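**Q** Which chain is which? The protein sequence lines are A and B, in order.
Letter 65 of the first sequence, counting from 1, is numbered 65 in this note's numbering, and no numbers are missing.
Letter 210 of the second sequence, counting from 1, is numbered 210 in this note's numbering, and no numbers are missing.
Treat the hints as calculated values from the structure; they're not laboratory data.
The calculated lysine to aspartate or glutamate pairs, modelled on EDC-like cross-linking and capped at a C-alpha distance of 20 Å, are:
hint, chain 1, residue 1, chain 2, residue 2
1, B, 120, A, 31
2, A, 47, A, 37
3, B, 175, A, 114
All values derive from a computational prediction rather than experimental measurement.
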Amino acid sequence: MVEKKKKILFIEDEATLQKAIGTFLEAEGYEIISVLDGEAGIARANKDMPDLILLDLILPKKDGFEVLAELKTNEATKKIPVIVLTNLEGIGYVDRAIELGATTYLVKANYTLEEVIQKVKEALA
Amino acid sequence: MLKWISGELNIFNQCKANRISIWQCPPFLFVIMGFINISAVLSSYIAANKFFVDDPMIAALIALLISLITFIIGYAVVKSFDEMAEISQMKSEFVSIASHQLRTPLSAIRWTIDLILSGKLGPQTEEQKNILINLQESNERMINLVNNLLDINRIESGRIILKVEPVSIVEITKKTITELSNFALANNIGLEFENNAEIPFIQGDPERLKIVIQNLIDNAIKFSRSGGQAKIKITKDKKNVMMTVTDQGIGISKTEQSRMFQKFFRAKAALRQQTVGSGLGLYISRAIIESLGGKLGFQSEENKGSIFWFKLPIYPPKFLKS
Ligand SMILES: Nc1ncnc2c1ncn2[C@@H]1O[C@H](COP(=O)(O)OP(=O)(O)O)[C@@H](O)[C@H]1O
Ligand SMILES: [Mg+2]
Chain A
1 MVEKKKKILF IEDEATLQKA IGTFLEAEGY EIISVLDGEA GIARANKDMP
51 DLILLDLILP KKDGFEVLAE LKTNEATKKI PVIVLTNLEG IGYVDRAIEL
101 GATTYLVKAN YTLEEVIQKV KEALA
Chain B
1 MLKWISGELN IFNQCKANRI SIWQCPPFLF VIMGFINISA VLSSYIAANK
51 FFVDDPMIAA LIALLISLIT FIIGYAVVKS FDEMAEISQM KSEFVSIASH
101 QLRTPLSAIR WTIDLILSGK LGPQTEEQKN ILINLQESNE RMINLVNNLL
151 DINRIESGRI ILKVEPVSIV EITKKTITEL SNFALANNIG LEFENNAEIP
201 FIQGDPERLK IVIQNLIDNA IKFSRSGGQA KIKITKDKKN VMMTVTDQGI
251 GISKTEQSRM FQKFFRAKAA LRQQTVGSGL GLYISRAIIE SLGGKLGFQS
301 EENKGSIFWF KLPIYPPKFL KS
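Chain B on its own, in the form it takes in the complex (with noise of 0.2 Å):
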């Protein structure tokens, strides 16, 4: 009982952090009218049986009265919502704007740099390249991070996939691949890759999708420990094309496994081992499987290891269709 009057308290709260006036609040207004029923059924019924009981002119003006009341209140109601709505849309659009914005600078600064390493403005001393490279780094994470601001945006506002087309899961695995061997190589981490039998296309979007892939593989090295080794294997059945990143690192404790995949989580073990990331890899990842039409999942023993799999469809049919 407390914690559903808390719970609904916290409704009053999503006003007040929007800045709505609590007499725009939906669920205040919706209390407010409930009363006004109740008391004008109450107040009907009272005048009816005990003042006025020769006319019935009154009671009904009475009735009127209050549905006029609750028709003011209704038609608040419905505004506020709108308003709210409006709120949140606007939101959205500031987010989607201001990261755009964001990533015209970065990109600059990422192909300023970029330009300068490729020595074809001069040849730079060891130290200064290194100073450059890790400048890029954090340049790196900073594109990263706008990147999922932007896609979560995307996946409130329902609109993740941005295009589909045919797919090879094992292409854009070999490219991430070789993208985070330099990573896993700083890390003492060993890639394997197997893929046996011929795998189909599946229907996606390919810019998501190595999303998902990078951040499953980069999540196998980051809690690995240093000389351990990450497996990549993609398989399929009669329906599906499945991936499993298997790693032998550091596992998710039993207690944390049912918040792997909430906005922002890391898991202390994560937190302690002191790795660079913002907890919103899974949540973006499985939400893009899934607007896809397939299943993420994982398994994982506490300083066992992890295995973290997706499946998707060969032909989606729904999305073949539109």
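Pulled out of the complex, with its shape left as it was, chain A reads as follows (with noise of 0.2 Å):
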């Protein structure tokens, strides 16, 4: 038989970035959801019960953080795991993710390609 597809949503505003990691992964078997803001980014969670969650925080119609927070308090969307992928990097801005349920915090421009596919295959592992 073969392994059902490992779904990934990617809310991310740069459709740019966007492109690269997603076609990255879906080369590596995944199954990428690609939305462009917060709201989309909730609805696609419940519609489609991805297997992690890779979220910006500056984003248009409702902010990463926001969107955490609705994702960690919705029984149903509770348990994805979330990757926070932003270059918003300041005090509390780590502290505040992580204790609203995030998994991981990555600042993109500290990390290469590699380094964030390496973190996303850590989390579905």
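Now that you have both chains on their own, put them together as the hints suggest.
**A** This is how it looks when you write it as structure tokens:
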């Protein structure tokens, strides 16, 4: 039997960035759902029940913190691991995201694509 | 004396640079206020003595009027301090927002190049690959510069350390050496790593510490001569973990040694070597180490080489508490 493809929901407003990670992960055999804002992110999380969510923090309509808070207080989506992937870096942000239930907090400018993919694989393992 | 005056004038320039009018510039207002105070005392004295000996009412009125004027000026001073504080706050917020926004497209470029180089979109010729690698290097330099500006901004607002957790200096150093090994190879510099003892963890911000270690090793490679050797060593004593980076490079002249930790400072010899850099690395590194309760310093001899070192307390109690 063929193993079911793992689903990753990617909430990110920078299309180029989304394309780079998305294409790489698809080539690695994952199914990618890409959305460009926070509200769409919450909707797709409930509808598609992904295995993992990649979440930016500065987002249109609903920011990443609000999305995280909603996902983690909703019974249905509570268990889905969330990796915060952002360029927002400052005192308190990391703590706040982790307190709200994020699995990991990655600053984009500090990681190569391979390192991000590695973190995704670890979170899905 | 001349120096003092020109120093004072510099404060006026600060107001000019911030586009604050002279009537809102605190140093100027202070001078005016002092002047009015002196004339107030003098004129009350003269008034009381000469003209209105028989009418203390008028002397009192003059005194009252003058107090009113000083009060108004005092109020203006306080207000303009507020304004200056606000401007500096705005400036730092601007830098912070601009840098975050800059980092997003820069990361997008980095990851897109990573994706193409990974071969997942199909193979490239050697030439195409080399072009992409060059592009990647330029992009990395921009990311570094933006990161540096962000760090400077954080230092100036006193928030350089973003988190404090147990950190293994040895692990960070090993990782950094691996990352810099290609750069060392390209410059024909040997990297040697030595740590004999069991090195305990320290309390720190791992990302900021990596910046320090990266910069010291990067400098040792950059400012060496082809064929040289850079030695990285980690030791400990009862209270501290200490790291030294020793090179046999161009060294630093006596006259320039005192300026090493200034923002943007790069020595003449370094400029002559045409190495890339911004002169921000040591300034940032020292600020990071000092914020963690440690010390960073160096010894150097021109044309012989340099030793850069830092030490950090093993269990800095003041950080454990907070
Ligand atoms: N190991 C070294 N040997 C000789 N000179 C050094 C060394 N490290 C730093 N310097 C001098 O100090 C300057 C500032 O260093 P740094 O702040 O790291 O800036 P950058 O690396 O961007 O030039 C360098 O430009 C160089 O002149
Ligand atoms: Mg440097």
